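**Student:** All chains should be modelled from the sequences, with the hints used to inform the complete structure.
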Amino acid sequence: MIKINGLSKSYGKNEVLKNISMMFSKGKVYGIVGENGAGKTTLFRCIAGLESYNGEIISEHSPLKNHLGLLLTDPFFFSKITGKEYIRLLCNARDKSNLELESKNIFDLPLNQYASTYSTGMKKKLAITAILLQENEYFILDEPFNGVDIQSNIILIEIILKLKELNKIVLISSHIFSTLSDTCDEIHLLRKGEQIKSVQKSEFKHLEQEMKEITIGNRIDKLEL
1 MIKINGLSKS
11 YGKNEVLKNI
21 SMMFSKGKVY
31 GIVGENGAGK
41 TTLFRCIAGL
51 ESYNGEIISE
61 HSPLKNHLGL
71 LLTDPFFFSK
81 ITGKEYIRLL
91 CNARDKSNLE
101 LESKNIFDLP
111 LNQYASTYST
121 GMKKKLAITA
131 ILLQENEYFI
141 LDEPFNGVDI
151 QSNIILIEII
161 LKLKELNKIV
171 LISSHIFSTL
181 SDTCDEIHLL
191 RKGEQIKSVQ
201 KSEFKHLEQE
211 MKEITIGNRI
221 DKLEL
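For the sequence shown, full-length UniProt numbering gives the first residue as 1, with consecutive numbering after it.
Wrong hints could be hidden among the right ones.
Below, in silico cross-link-like pairs of lysine-lysine (PhoX-like), each with a Cα-Cα straight-line distance of 25 Å or less [stated by the list, open to error]:
1. 65 to 168
2. 65 to 84
3. 84 to 28
4. 192 to 205
5. 18 to 3
6. 212 to 3
7. 28 to 164
8. 197 to 26
9. 13 to 192
10. 164 to 96
11. 162 to 212
Derived from the structure by calculation, the hints contain no laboratory data. Predicted model, so just to flag it, every value in this text is computed and none were measured.
**Tutor:** And the structure:
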């Protein structure tokens with residue numbers, strides 16, 4: 001369980017999260033959606049302990065960050081570290097050793113190559129592999145499908161469903177609504193730092209249509225195509 005009560009976050013006078021309250025339960029996948037700047041990544045960073053905030057975040061595993069696998073939109077890699085060394089570094093942080101990395105390299109990554117030379121999609125797949133092998137209880141995946149090939153996205157969807165089956169908590173942000181429909185049990189909509197609504201799976205189609213109408217409006221007509 002992760003419970004967020006009255007979470008707010010400001011950078012100077014700019015309030016980017018405003019009194020957010022959410023509850024995440026085991027064995028469920030949650031989507032966090034909203035336009036760029038809505039506060040999704042900031043919310044994830046607060047949960048991961050990377051940002052200070054007002055309010056409280058409660059979890060059954062404490063400290064939460066020691067049980068969390070965090071995939072950032074643009075994962076960071078040291079310049080002189082191979083894919084294999086990167087995975088071992090993250091797994092050592094969770095006291096996981098004696099890994100048979102070759103058999104667990106499901107994305108067929110060149111693990112003996114410097115991670116800094118990887119493509120954007122390869123870097124993301126490397127980071128995903130590492131947090132999975134950490135055996136975390138919670139997972140935050142910030143735009144996991146962006147920049148990744150179709151075949152790997154199919155694998156990633158199945159991984160998320162497997163994590164759900166294993167009773168993990170998974171939080172996802174994505175601008176690709178179909179991936180959320182395929183994986184999520186509940187979606188939370190943020191707009192300008194505010195929590196607008198929470199939607200169950202039966203209402204996903206209505207939410208998608210609402211988001212299209214808000215996003216598109218009469219923009220296409222203005223082009224006079």
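**Student:** Each of the hints needs a verdict: does it hold here or not?
**Tutor:** Evaluation of the provided hints:
no. : hint       : verdict
1   : 65 to 168  : holds, 15 Å
2   : 65 to 84   : holds, 23 Å
3   : 84 to 28   : violated, 30 Å
4   : 192 to 205 : holds, 22 Å
5   : 18 to 3    : holds, 16 Å
6   : 212 to 3   : violated, 30 Å
7   : 28 to 164  : holds, 6 Å
8   : 197 to 26  : holds, 21 Å
9   : 13 to 192  : holds, 14 Å
10  : 164 to 96  : holds, 22 Å
11  : 162 to 212 : violated, 30 Å
In summary, the structure is inconsistent with hints 3, 6, 11 from the numbered list given earlier, while agreeing with the others.
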